[in-house]
Every structure is written in structure tokens, then in C-alpha cells.
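Protein chains: 2
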Amino acid sequence: MTNPALLSPEEARQLIREEKWRNPTSGMANGYIQANLAVLPKEYAFDFLLFCHRNPQACPIIDVVEPGEHAPKIAAPNANVKTDIPKYRIYKHGKFVEERADVIDVWDENMAGFLIGCSFTFEQALLDNGIPIRHQEEGCNVPMYITNIQCEKAGIFEGPMVVSMRPMSERDAIRAVQVTSRFPSVHGAPVHIGNPETIGIKDINQPNFGDAVTIKKGEIPVFWACGVTPQAVAMHVKPEIMITHSPGHMFITDLKNEQFSII
Amino acid sequence: MTNPALLSPEEARQLIREEKWRNPTSGMANGYIQANLAVLPKEYAFDFLLFCHRNPQACPIIDVVEPGEHAPKIAAPNANVKTDIPKYRIYKHGKFVEERADVIDVWDENMAGFLIGCSFTFEQALLDNGIPIRHQEEGCNVPMYITNIQCEKAGIFEGPMVVSMRPMSERDAIRAVQVTSRFPSVHGAPVHIGNPETIGIKDINQPNFGDAVTIKKGEIPVFWACGVTPQAVAMHVKPEIMITHSPGHMFITDLKNEQFSII
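Protein sequence lines, in the order shown, are assigned to chains A and B.
The opening residue of the first sequence carries number 1 in this note's numbering; numbering runs sequentially from there.
The opening residue of the second sequence carries number 1 in this note's numbering; numbering runs sequentially from there.
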């Protein structure tokens with residue numbers, strides 16, 4: 001089999017569509033934007049899009065699958081988002097119901113799909129700049145924390161910001177701000193650097209999601225807004241149905257990481 | 001009377017609300033973001049917000065007045081957008097009907113108001129960098145042109161991009177790209193530099209809106225996406241009712257220009 005990193009986005013999606021790839025998508029179609037998915041009934045669509053617009057660091061919208069469509073017009077016009085993700089999760093009234101390989105018969109013409117930027121893009125930019133990523137070194141999930149930072153409300157959607165944390169040297173932290181500021185569509189600059197208590201995190205070794213990682217002597221924690229935020233906020237209103245990707249199993253777009261750099 | 005440039009946004013809006021100021025707002029409350037207004041029935045709200053999201057250079061959303069509200073939560077929580085603009089225009093089925101000092105009895109709870117970034121912010125940044133602005137020097141309106149660049153469609157909204165043009169030296173054009181790239185929320189970097197025909201403009205001396213300006217020897221035309229675009233696109237679908245600001249009579253927000261710089 002071809003090295004998954006060398007596949008084109010179209011090839012990667014086809015492999016997934018044919019259920020020949022059921023694994024996490026990290027490292028597939030290297031250099032292309034991968035996105036989180038949140039599918040909601042269309043009566044929530046305006047409020048949710050406005051919520052994302054008002055909270056661009058936590059909820060950077062890459063593109064939207066409009067009601068009645070199956071592709072995001074700009075991000076991947078030839079895709080079928082109902083089949084091109086390895087694993088989906090279905091929630092009813094805010095409760096997890098089942099995991100599936102496709103959602104053709106669940107995602108109907110009354111639902112809109114939101115593709116939300118993920119941290120893979122800026123992590124690549126950090127690596128390209130020689131900044132090591134601890135959870136990759138330790139082979140675990142990035143640690144994520146619920147903060148005391150309230151998102152800007154929009155319609156029925158509100159809730160706290162969830163952040164991910166990467167420890168690094170103070171010198172690297174400055175470079176990380178520069179590097180990630182170039183990518184506002186995939187979470188952008190950190191929301192916080194330093195003392196976890198400032199943003200309401202009591203114990204850095206007890207993340208709310210993901211795994212704890214080692215913080216070495218001389219390192220400081222650097223926090224970015226996390227794409228878990230919009231899913232948590234959407235779940236909170238307990239919509240009759242909501243579809244998401246399964247963690248780590250993302251949608252691969254036709255857009256190159258560098259296209260999302262603003263300078 | 002106080003110098004209008006030195007008023008706070010709150011003071012400027014109060015003067016306007018009391019109908020003591022009926023003039024264009026250029027130069028008022030210096031340093032604060034001013035915005036274009038487009039108010040549409042809420043059945044169009046999701047499609048229009050998505051259209052703006054997909055065309056951020058032409059339609060940079062500053063904030064939204066949600067249905068049933070009269071203030072934009074983030075941009076000016078204490079304002080009343082139904083009274084705080086010096087002159088409004090009302091369109092029915094795409095046709096201009098009347099101009100008014102307030103729209104309290106027209107803008108009902110079934111309409112959403114979109115505040116869209118305007119060029120005042122980046123023009124100030126150009127001036128701060130010593131780049132002269134021709135239409136200001138010549139005391140006329142900026143020239144605007146309908147291009148052959150199609151906006152990205154969203155739902156029922158589609159149409160060509162309208163651009164504004166500022167001639168400058170080639171040296172200044174490079175600096176202008178750098179300076180305006182910092183402000184993606186107020187049109188950002190130019191969409192085109194140089195030959196007008198490339199983007200479908202046949203005669204640079206015959207703008208579709210605004211006034212022609214002098215292009216001196218050694219200068220090149222620099223084109224930015226223009227906030228007229230979303231209004232033109234919205235008008236095209238002939239909504240039963242649409243409210244806009246009257247040209248030059250903008251909404252003054254509480255947000256400082258520099259807050260909208262991404263780096």
C-alpha cells in the first residue's frame with residue numbers, strides 16, 4: 001500500500017469511502033487541512049455559525065456542507081462528507097448513541113455540516129520550526145482542559161472554552177506565538193501562556209480530556225483554544241440529533257495548510 | 001461643539017441617536033472601527049452569514065445583531081443599531097423606497113442585522129504609513145468597479161466581487177500589501193495589483209460607483225474587495241425588505257482599529 005502521507009486528499013477519501021481505511025487520519029495526505037465535523041439540524045445553523053464566527057480561535061470554520069448538499073463547496077467540492085470520514089458518532093438529545101462507518105441514512109436534507117479547523121495544521125508548523133510536541137513524543141493524546149474563559153454567546157449556544165496544552169521552553173513559546181499567528185483558521189495564536197490557574201485549571205496533571213504529558217524543568221505550558229469547544233457547546237443544547245467525527249478520525253480537505261496562512 | 005474625531009464611540013452614537021448629527025461619519029470617533037449595515041429577514045440569515053464567511057475579503061463580518069436584539073453583543077453592546085446611524089435606506093423587493101433617520105418601526109424581531117467592515121480602517125493604516133490616498137486628496141468618493149471575479153456562492157446568494165481602487169507608486173504598493181494584510185477583518189490585502197483588464201475592468205476612468213481619480217505617471221492601480229459587494233449580492237435576490245446604511249453614514253463600534261489587526 002502507498003504511504004498514507006503521500007496520498008492525495010481525493011485518494012485518501014476514496015480509501016476511506018471504500019472502508020479500506022478505518023483508522024485515525026493523522027499523517028494521511030500530508031500538507032492538507034484536516035477538519036472536525038459537527039452536523040446539526042438546520043434550525044440551529046444560523047446560531048451555530050454565528051457562535052463559531054464570534055469564537056474564531058476555538059471554532060475556526062473551514063467550510064460548511066449546506067442543507068441538501070453532501071460536499072463543502074470550497075474545501076472539497078468532489079467529496080461526500082457522509083461517507084468520507086473513517087468513523088462517525090451519532091448523538092441524540094446530547095447522548096452518545098452509536099459509532100458508524102457512514103451516515104448516509106442519518107444525515108438528511110434538513111441538516112447542515114460544519115467543518116472546523118483542527119490542531120494538526122499548526123502542529124506541523126511547530127514541527128517545521130523545530131519545536132518538539134510532547135504528546136507526540138510520548139505517543140498519547142494532547143491534554144485538554146475546560147477553562148474559566150467563557151465563549152461569546154450566540155443565540156442558544158454558550159459555554160466555556162476548552163483548551164489544549166503543549167509544554168515547551170520559554171524561547172520556543174515566543175516562536176510558537178509567531179508561527180501559529182499565521183494560521184488563524186486553525187486556532188491561531190495561543191490563548192494563554194504560563195500559570196494554568198489564571199484560566200481556571202486547578203491541576204495541570206488532571207486534564208478533562210486526553211492524557212497528561214510531562215512538563216520538564218524550564219518549560220512553560222502553552223494553551224491553544226481547542227476544537228472540542230464547539231462540539232461541547234452544541235451538545236449542551238441537546239439537539240434531537242447531532243453527528244460528529246469520532247476523535248482523531250477527521251475529514252481530509254483539498255486545501256493545503258499553507259493556503260490558510262494569512263501572511 | 002467637540003471635535004467629532006475626539007468623541008468616544010458612545011458619545012458619537014448618542015449625538016446621532018438624538019439627530020444632532022446627520023452627516024457622513026468619516027473622521028468621527030477616530031481610531032474606532034466603523035461598519036456597513038445590511039439587515040435581512042431571518043430566513044436569509046444563515047445563507048447570508050455563510051456567504052460572508054466564504055467571501056471574507058469582500059464581506060468581513062464585524063458582528064451581527066441577532067433577531068429580536070438591537071445591539072451587536074461584541075462590537076457595541078450598549079448601542080441601538082436601529083437609531084445610531086445618521087441615515088438609513090430601505091429597499092423592498094430590491095428597489096429603493098425611502099431614506100430615514102431611524103428604522104425602529106421597520107426593523108422587527110424577524111430580521112437580523114449584519115455589520116460589515118469598511119475601508120476606513122485600512123485607509124487610516126495606509127495614511128499612518130505615509131501612503132497618500134488619492135480620492136481623499138481629490139475630495140471625492142473612492143472609485144468602485146464590478147469585476148469578473150465571481151464570489152463563492154452560498155445558498156441563494158451569488159454575484160461578482162465589487163472592488164475599490166487606490167493608485168500609488170509601485171514601492172508604496174508593496175508596503176500597502178504588508179500594511180493591509182494585518183487587517184483581514186476590514187478587507188485585508190489587495191485582491192489585485194496592476195492591469196485592470198485582468199479582473200474584467202474595461203475602462204479605469206469609468207467606475208461603476210463612486211468617482212474616477214487621477215492615476216499619475218509611474219503609479220499602478222491597487223484593488224481591494226469592497227463592502228458594496230454583499231449589499232449588491234443581497235439586493236439581487238430581491239428580499240421583501242432590506243435595510244442598509246446610507247453610503248458614508250456608517251455605524252460606529254466600540255472596537256479599536258488595532259484590535260482587528262491579526263499581528
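To be clear, the hints were calculated from the coordinates, so they are not data collected in a lab.
Some hints could be false.
Identical copies go unnamed one by one, so any copy, or any two together, can satisfy a pair.
Unchecked claim - Restricting the straight-line Cα-Cα distance to at most 30 Å, the calculated cross-link-like pairs of lysine-lysine (DSS-like) are: (1) 256 / 217; (2) 202 / 42; (3) 153 / 217; (4) 82 / 202; (5) 202 / 256; (6) 82 / 256; (7) 202 / 87; (8) 238 / 95; (9) 217 / 238; (10) 95 / 216; (11) 238 / 256; (12) 216 / 153; (13) 216 / 73; (14) 87 / 216; (15) 82 / 217; (16) 42 / 216.
So, going through the hints one by one against the coordinates:
When the C-alpha separation of residue 256 and residue 217 is checked against a cutoff of 30 Å, the pair qualifies neither within a copy, at 36 Å, nor between copies, at 39 Å. For the identical chains of this complex, residue 202 and residue 42 are neighbours neither inside a copy (38 Å) nor across copies (42 Å), given an alpha-carbon limit of 30 Å. In this assembly of identical chains, residue 153 and residue 217 lie within 30 Å of each other by CA distance neither inside one copy nor across copies; the values are 38 Å within and 52 Å between. Within a single copy, residue 82 and residue 202 get their C-alpha atoms no closer than 39 Å, and across copies no closer than 44 Å, so neither meets the 30 Å cut-off.
Proximity of residue 202 to residue 256 under the C-alpha cut-off of 30 Å is found in neither arrangement, the shortest distances being 38 Å within a copy and 34 Å between copies. For the homomeric pair residue 82 and residue 256, the shortest alpha-carbon distance inside one copy (22 Å) is at most 30 Å, but the shortest distance between copies (42 Å) is not. In this homomeric assembly, residue 202 and residue 87 never come within 30 Å of each other (Cα to Cα): the closest approach is 33 Å inside a single copy and 52 Å across copies. Taking the closest pair of Cα atoms, residue 238 and residue 95 come within 30 Å of each other only inside a single copy of the chain (8 Å); across copies the shortest separation is 42 Å, beyond that limit.
Within a single copy, residue 217 and residue 238 get their C-alpha atoms no closer than 43 Å, and across copies no closer than 64 Å, so neither meets the 30 Å cut-off. In the homo-oligomer, the alpha carbons of residue 95 and residue 216 never lie at most 30 Å apart, since the shortest distance is 38 Å inside one protomer and 66 Å across protomers. With identical chains, the CA atoms of residue 238 and residue 256 are never at most 30 Å apart, being 34 Å at best within one copy and 37 Å at best between copies. In this assembly of identical chains, the alpha carbons of residue 216 and residue 153 never lie at most 30 Å apart, being 37 Å within a copy and 49 Å across copies at closest.
Taking the shortest alpha-carbon separations for residue 216 and residue 73, neither the intra-copy value of 44 Å nor the inter-copy value of 41 Å comes in at or below 30 Å. Taking CA atoms no more than 30 Å apart as the test, residue 87 paired with residue 216 passes in neither setting, with 35 Å inside one copy and 60 Å between copies. Within a single copy, residue 82 and residue 217 get their C-alpha atoms no closer than 46 Å, and across copies no closer than 56 Å, so neither meets the 30 Å cut-off. In the homo-oligomer, the alpha carbons of residue 42 and residue 216 never lie at most 30 Å apart, since the shortest distance is 47 Å inside one protomer and 52 Å across protomers.
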